[in-house]
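A.B. asks: Given the structure of chain Z, go ahead and fit chains P and L onto it with the hints provided.
Line by line, the protein sequences are chains Z, P and L.
Just so we're aligned, residue 12 is where the first sequence starts under our numbering, counting upward by one.
Just so we're aligned, residue 12 is where the second sequence starts under our numbering, counting upward by one.
Just so we're aligned, residue 12 is where the third sequence starts under our numbering, counting upward by one.
Source of the hints: derived by calculation from the structure; they are not laboratory data.
One thing to keep in mind: the hints can contain errors.
No distinction is drawn between identical chains; accordingly, a pair holds when it is met within one copy or between any pair of copies.
What the hints assert, rightly or not - Straight line, CA to CA, 27 angstroms or less: simulated DSS-like cross-link-like pairs of lysine-lysine:
hint : residue 1 : residue 2
1    : K188      : K94
2    : K199      : K29
3    : K171      : K244
4    : K29       : K171
5    : K188      : K125
6    : K244      : K266
7    : K95       : K277
8    : K244      : K26
Since the model is a prediction, treat every value here as computed from it, not as a measurement.
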Amino acid sequence: MTILNEISKLLQLVKENKPLVHHITNYVTVNECANMVLALGGSPVMADDLAEVEEMVSFASALVINIGTLNERTIQSMITAGKKANQLGVPVILDPVGVGATSLRTETVTILLKEVRFAVVRGNMSEIKMIAGSDVEIKGVDSIADDENGVEIAKLLSAKLGCVVAITGAVDIIAEKDRVCTISNGDKILADVTGTGCMSTSLIGTYAGATSDYFLAAAAGITTMGLSGELAKQRLTDGQGIGTFRINLFDEVSKMNAETLLNGGKIQ
Amino acid sequence: MTILNEISKLLQLVKENKPLVHHITNYVTVNECANMVLALGGSPVMADDLAEVEEMVSFASALVINIGTLNERTIQSMITAGKKANQLGVPVILDPVGVGATSLRTETVTILLKEVRFAVVRGNMSEIKMIAGSDVEIKGVDSIADDENGVEIAKLLSAKLGCVVAITGAVDIIAEKDRVCTISNGDKILADVTGTGCMSTSLIGTYAGATSDYFLAAAAGITTMGLSGELAKQRLTDGQGIGTFRINLFDEVSKMNAETLLNGGKIQ
Amino acid sequence: MTILNEISKLLQLVKENKPLVHHITNYVTVNECANMVLALGGSPVMADDLAEVEEMVSFASALVINIGTLNERTIQSMITAGKKANQLGVPVILDPVGVGATSLRTETVTILLKEVRFAVVRGNMSEIKMIAGSDVEIKGVDSIADDENGVEIAKLLSAKLGCVVAITGAVDIIAEKDRVCTISNGDKILADVTGTGCMSTSLIGTYAGATSDYFLAAAAGITTMGLSGELAKQRLTDGQGIGTFRINLFDEVSKMNAETLLNGGKIQ
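Only chain Z is shown next, with the shape it has when bound in the complex (with noise of 0.2 angstroms):
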């Protein structure tokens, strides 16, 4: 069975068993993030004071820490929904937003390295170097690096972390132990609409809600995105921009099923 045929399967499990993602991320995107887990199949819960965090990931199927708009409060509180995860067997999904830009940023990903075990870790090549610990300039929490070993970096932090790493860019990779894909769908337009990369996250948390096999689950997220983004983009008619692109996206992941998966996915 190839790669999209899984992915195809893996859409239908969530639809089905539409896994509580629960997620612990910034007040930029966080409605975006709800709204995608949704278009899915998945059902979102926001939950992030440390007095119910345990509580409320013992219910789900996932969990996503974002640290797009971290404070000394929800810090606290990504350790111990983690850690809470981890002896409960429920994945955990790390989308490292703008580390390296700050020492709080990257201070925080290194504590939540340690203490967590995560399942998958999804940033742009910047983050990804950033973690993997090579030098390469932050600009904000955008990323600037570009890097045609981004394969190899994917395996190496793939073996020091042990989990899943997803590189997002013009051609995205996923790494895990001795097996890796790049995925060739996506729009730069996705670039001009905030929150891409926390959605794609987002939708990794999803599909990692339904299955174990958790290379598999970030496939499956970064190749709904950008074959939506795609997809979103060729609706676009003359007089429209950025604002319908975005609704756009939504009513394609919503609409995302195995034939579009078969017919459009790009993996290698």
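C.D. replies: Coordinates of chains P and L only, in the frame set by chain Z:
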């Protein structure tokens, strides 16, 4: 005068008086709540710091308390604002999002119901049952309970709390003392967009800012959301999905008028 | 060169330089602010923890401070980030949302104006009058003042604060020392969407990240928003409302170019 006639008149009052609706709410759906208040004709204000909530609520025509992403800082603000609203005769609406999912939510709702006198409590069946004291499983913040005895539960809780109780679901139920109505507008696609429950509560708050009949305000808010959902879905064309539906929903609320309400409202 | 020509050139600079615009802002309209910066061609970053704001602002081309949902934690971050921006020569833009509505907002603005040197202050007439010291009633965060002496007030406050003052309303006024202009773009439907004021401020911040002429940046931001609002409304068809208008607004900002500005801008 039928209740739909009364709702139509109340909608007109909202547009004339532009009630200011103070929210202490979650960061997931706060933007949607603000835009729903505006779409109906009200004026939203969001303020949650303890140092300003009493002053802010003193300008308001209604206060909406939504516990979607509560934390220690905002819990105290909710209690303080609620008490001040009670002193001033400003109606307070409660959306007990996910009560029962965690102790923090359950305990917060218990304290709120003890310290603050509410005009309306709106929740799904799981949430309302939890408050009413029945045993019911809660999965995250989404309702999994379904109950034909909903009218009885609404009546009992209404009597217990001394306020209007609104239960939203396939059929919505509103109860207050000896008044009960059921509303069969709506479409299941509404559950595929995050925050349609929160938005309903904000619409109730907006209507409650223009009348002292909170039973009518609750019926008006829920009918407006349900009917807008139906109309928003009817406008979907081939190739559209959840993204466009959400936009249509705001369109429909902003266009809602007496004729549409009288033609489409389904209240028994 | 006319001011519209200068604005057109500045828009081109934004698209070339992609200025990073650091925001410390409210959780109601933060997503819209981020998407507006992107639509114009800039790069947004939102970070509000005291432990990282100084580092983050050091990467930025502009800092936007918006007090829409301020709290004790973020007030200190605003002051600290603002001071750092001043040291580095990064322009700081203030949106004093709802100043005058509560003591917390009024005192915070007083402290900010004392501690931080702003490049531009943008508000509605009520907010600007409150800062200027006139007596004016405030209802929530929406302006109810209307004043033909707006130009005088803008000039006086500009002289008092030593920065550009922008007042948005039916006619927008921008003043700095001996320069004044009025802008008659816009449509009253803009007031029916939450955060169009905040978005205007973020557009000003984005333009300010690409020039040292902050009067021009303010005129550019407000003209862009007003003209986009007009065009977004023109595209509305029967059956559409506020939801579609909001999407069109993002479309129009993302499509804005020299030709559209020169044809549609109404600056005196």
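A.B. asks: For a quick check of understanding: which of the numbered hints are violated here, in increasing order?
C.D. replies: Violated: hints 3, 4 and 7.
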